[in-house]
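Full structure from sequences and hints, please.
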Amino acid sequence: MKKFDKDKVLLGIAGPALALAVAFVLTTLVLLVSGLDPIEPYSLMIQEAEYPDIQVLILNQTGTYYLAALAVAIGFRMNLFNIGVDGQYRLAAMVAAVVGASVELPGPLHVLLIVLVAVLVGAFWAGVAGFLKTTRGVSEVVSTIMLNAIATSLIAWLILPANLGEQLKGSNDLTTGEIAESGWMTGLAVEGGNIYGFTFVAFALGVVYWFVLNRTRFGFDLRATGASESAAQASGVDAKKMVLTAMLISGGIAGLTGLPLLLGQTHTYSLAFPAGVGFTGITIALLGRNNPLGLFFAALLISFLEKASASLDQYGYPKEITTIMKGLIVIAVVVSYELVRQYGLRRQQQKVGEELAAQARKNKEDVAA
Amino acid sequence: MRRITRIATAGIASAALALSVSACGSDKKSDTAGDAKDGKAAIAYDIGGRGDQSFNDAAFAGLEKAEKEFGISGTEAEPSEGEGDPDKVQRLTSLARAGNNPVIGVGFAYAPAIAEVAPKFPDTTFGLIDDTSKTGKNIANLVFNEEQGSYLAGVAAAKVTKSNTVGFIGGVETPLIKKFEAGFVQGVKDTNKNVNVKVQYLTQPPDFGGFSKPDLGKAAAQGQIDAGADVIYAAAGLAGSGSIEAAAKAKKWAIGVDSDQYNQSGLAAYKEYILTSVTKDVSGSVYNLIKSVKDGKPQSGEVRYGLDANGVGLSTSNPAFTKLTEVTAAVDKAKADIASGKVKVNTAP
Chain A
15 MKKFDKDKVL LGIAGPALAL AVAFVLTTLV LLVSGLDPIE PYSLMIQEAE YPDIQVLILN
75 QTGTYYLAAL AVAIGFRMNL FNIGVDGQYR LAAMVAAVVG ASVELPGPLH VLLIVLVAVL
135 VGAFWAGVAG FLKTTRGVSE VVSTIMLNAI ATSLIAWLIL PANLGEQLKG SNDLTTGEIA
195 ESGWMTGLAV EGGNIYGFTF VAFALGVVYW FVLNRTRFGF DLRATGASES AAQASGVDAK
255 KMVLTAMLIS GGIAGLTGLP LLLGQTHTYS LAFPAGVGFT GITIALLGRN NPLGLFFAAL
315 LISFLEKASA SLDQYGYPKE ITTIMKGLIV IAVVVSYELV RQYGLRRQQQ KVGEELAAQA
375 RKNKEDVAA
Chain B
1364 MRRITRIATA GIASAALALS VSACGSDKKS DTAGDAKDGK AAIAYDIGGR GDQSFNDAAF
1424 AGLEKAEKEF GISGTEAEPS EGEGDPDKVQ RLTSLARAGN NPVIGVGFAY APAIAEVAPK
1484 FPDTTFGLID DTSKTGKNIA NLVFNEEQGS YLAGVAAAKV TKSNTVGFIG GVETPLIKKF
1544 EAGFVQGVKD TNKNVNVKVQ YLTQPPDFGG FSKPDLGKAA AQGQIDAGAD VIYAAAGLAG
1604 SGSIEAAAKA KKWAIGVDSD QYNQSGLAAY KEYILTSVTK DVSGSVYNLI KSVKDGKPQS
1664 GEVRYGLDAN GVGLSTSNPA FTKLTEVTAA VDKAKADIAS GKVKVNTAP
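Residue numbers (the working numbering), protein chains in the order written: chain A, 15 to 383; chain B, 1364 to 1712.
Worth double-checking, as some hints may not be accurate.
Unchecked claim - Simulated coverage check for chain A against chain B, where a stretch passes if three residues somewhere in it have a Cβ under 8 angstroms from a Cβ of chain B: (1) 68-82; (2) 287-294; (3) 327-340.
Claimed, not checked - Straight-line alpha carbon distances no greater than 27 angstroms define the calculated DSS-like cross-link-like pairs of lysine-lysine that follow: (4) B/Lys1686 with B/Lys1696; (5) B/Lys1431 with B/Lys1654; (6) B/Lys1705 with A/Lys183; (7) B/Lys1522 with B/Lys1696; (8) A/Lys183 with B/Lys1707; (9) A/Lys183 with B/Lys1500; (10) A/Lys183 with B/Lys1483.
The hints are simulated quantities; they were obtained by calculation from the structure and are not laboratory data.
None of the values given here were measured: they were computed from a predicted structure.
For glycine and all other residues, C-beta sits at the position ideal for the given N, C-alpha and C.
Laid out in structure tokens, this is it:
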């Protein structure tokens, strides 16, 4: 039994490792084909990552990505593809920023209120897709993509100075007004800058995720429904309710994605608030195999690729190589997981076959004796 | 098994999405940062980066000119799609740390980042284009009266249209681009009340694709032409080149923006249909700032560029435009009216 577990872990790591190796080789080939030095960009990136301020940047980005990836991963465990994390977190961050800027409360309460609003808005936006799926059978892939576009338009309308936004004099940016200092979250000041307080909350949520999924009845129901809806139904799980709940939780966590930045740095939602984090979250969830630890390393890797490559163009290398690499990772991950899965399956069959053969031989010997 | 196939589909779908999100071409040839003895200057680009034939290229032209004249070495840095303030802070910090002076943030999105970084480098001058909300001793706010240039474009458009329909295409619906729209519409209406202006924005923030995707500009221009427009003014960065292409193919007039697009090599095939361009002397402002630092008297505070001294204006490099003397006379009159204060141009529609 123990030996089997070791196999499982090895196979689990083989998937991402294979994908990364393939992505790395292909990216190097792209560099070669475009007539560039294939090694120097990597060494430049590693050099870059030695600066403390870049390290802080990477860690903070990891926290943000980790939240987005957790949101996606919960959906995946349930066999739901929440592609709408992007819209959910932007809308949540925007509304939370508006609420945060319009009230003044004692410190922790103010932060708590902002967090709560973000969770509720994110959950609501994902809940729309969940509701459509459970009542009308609308594929959540389609509805969440559409909801992303609707969120974009809704935010663009809400942030107009005539509605909830404001335009500072002399600025060409629109913001939601600054959150009072009581609503800021203190971080950890280190040599290279400030590690946002919410970054630690993000990692703590990873532990909660692991516990809920693997150590509670609810987590079991969720995984069971994900594995087979009809089987779960037969054993007394209300599958529809699980779909809706999973979607709400996924959206709630997605709503938190914008908070490290909102509470720790910008204190306002502006036109320059980052977008696209939700899509990167999908990459990370795939690469990290929905495992809380795997998600962390995947988020760290993607953040490293992005942040360390930012200044490559100052050295004459197009930093888009990391965009290529990220795209390749996604494709390679899908292919390599399937390969590893088939290999694992064959290996298991072989083993079972061998054991059966040994059993048969033994039986024969017994009979002969 | 079903689960795996589903995840495979999901993966491929997300890969396709990720690629389409980041599919912004960059055909730039970056210069390697060198250590020139005579000083270093750096610009950090806005969305779209170098090669947009417009806003960012204008900033680069200013840097290039300064490089040649003063023998300084210039560094450029491009933003990534969907980045946030911390990335901009980091970019400016690393440029300032490398000894560049001045460091220029191209575009209003750099405002919060410059406000954060500038105090940490008191001996470096920071240029901030298109924003006066964040000020400081070592910050030079380089701003333009875009609405005035657009007003002149509106006058010209109203004069040349035969169908009494003209089009305005804005890249991303931000207050800055609305300044262009406000000036243009007012210019058209002041010249001829009966001309109908079709207004369209390509994307809404945070989707800044409207500044970088020519296909969007092309489709929008096509739509306006189908609806009868025969002059298209696009204030949309790189996406505007798609509008110019569509207008030229339909043999309609296009009005360019920011740079004198008649002279842009990337648009040479369509140049005879580029009636004029609303120029915004970003290149001059970049050059002037570098020069002021070089001369030891760095600019600081608001530096405004208007119609006077051609900070904004209408280019006259297309001979087909200068031949239309009635049009140019009307433009000159409007210019005089703005200068004398007789006409006040709105900054918001």
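Quick rundown of the hints versus the structure:
| no. | hint | result |
| --- | --- | --- |
| 1 | 68-82 | holds (count 4) |
| 2 | 287-294 | holds (count 7) |
| 3 | 327-340 | holds (count 10) |
| 4 | B/Lys1686 with B/Lys1696 | holds (17 angstroms) |
| 5 | B/Lys1431 with B/Lys1654 | holds (12 angstroms) |
| 6 | B/Lys1705 with A/Lys183 | holds (25 angstroms) |
| 7 | B/Lys1522 with B/Lys1696 | holds (13 angstroms) |
| 8 | A/Lys183 with B/Lys1707 | holds (19 angstroms) |
| 9 | A/Lys183 with B/Lys1500 | holds (19 angstroms) |
| 10 | A/Lys183 with B/Lys1483 | holds (24 angstroms) |
Checked against the numbered hints given earlier, this structure breaks none of them.
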